[in-house]
Amino acid sequence: MVSLPDFRQYALANKMELEAILSEVYGALMAGQSGFLMVDGGAHKGYHTLRMLDLPGCKRVVAVEADPDMASRLESILNRQAAGDPRLRIVRKALQRDPSLTRIAWGSSTSHEGRSSILSGNDQRPTIWHGNTDMAYRETVFVDAATLDQVLISERLPVGFIKLDLEGADLHALFGARDTLAQHRPVVAFENSVHAPQVHGFTIGEVAAYFHGLGYVALDFTGEPMTPDSWFGFFEAFAAPREQVQALSGILKAALSKRNL
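Numbering of the sequence shown is given in full-length UniProt numbering, commencing with residue 1 and proceeding in unit increments.
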């Protein structure tokens, strides 16, 4: 079995393979099921939105993209490649944890279009990319904000899988998904930035306790459980309900084995 440091080296050299593995994971998890909903949080250009729509049993994809420029591009892409698909819902909101918050400061990057994100209230580190001299931003704007629970409250289908790529706001957003996680028990893929706790004001101990209270287990990309001491071994991770940990771990290990890892 490949070690996480070795997988990290592989992933850095083959970045799109991460997305391919992720699509294999949710495809395998949802195989044989029908009538489910999937969430593509931080949908960007719709790579995963389109693959989720392709799953035979998928009846709804909620694609969430807060960046104004990217959301317009996403809509244009999906209007071409998923034209008229009634299963698709696009939400232009920033996912975060506070249900009373309806607007939030947003940093839209002109240099790295995939790194736009919430601007937190931490002046020392407002984003996970703070201090990176390669980053350039448009003027700060305010965008609509919501929790995952609020985005999904009107949906009636079972939530099968949630993919998050929120540039450090992933765990922040999952604190706003308590009802969804408790009721629907989806597997979650999330970005796992070492800087996220400082940016958004939480500790990994708090995240671990939150997951434990919901009956969730954090797994790394090799299918191994994560602890607070080993949490930041890789920049992408999963959270699975206990009843799906074995299945998810097996799917991840099979995906890596297929790549001779």
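Hints are computed from structural coordinates only; laboratory data are not their basis.
Every residue gets a Cβ at the ideal spot worked out from N, C-alpha and C, and that includes glycine.
Treat each hint with caution, since some may be false.
[Stated by the list, open to error] Pair ranges (Cβ atoms, derived):
1. Pro228 - Ala83: 40 to 48 Å
2. Pro158 - Asp85: 33 to 41 Å
3. Asn79 - Phe202: 17 to 25 Å
4. Gln33 - Asp85: 36 to 44 Å
5. Met135 - Leu12: 15 to 23 Å
Results of checking the hints against the structure:
no., hint, verdict
1, Pro228 - Ala83: 40 to 48 Å, "holds, 46 Å"
2, Pro158 - Asp85: 33 to 41 Å, "violated, 19 Å"
3, Asn79 - Phe202: 17 to 25 Å, "violated, 37 Å"
4, Gln33 - Asp85: 36 to 44 Å, "violated, 19 Å"
5, Met135 - Leu12: 15 to 23 Å, "holds, 19 Å"
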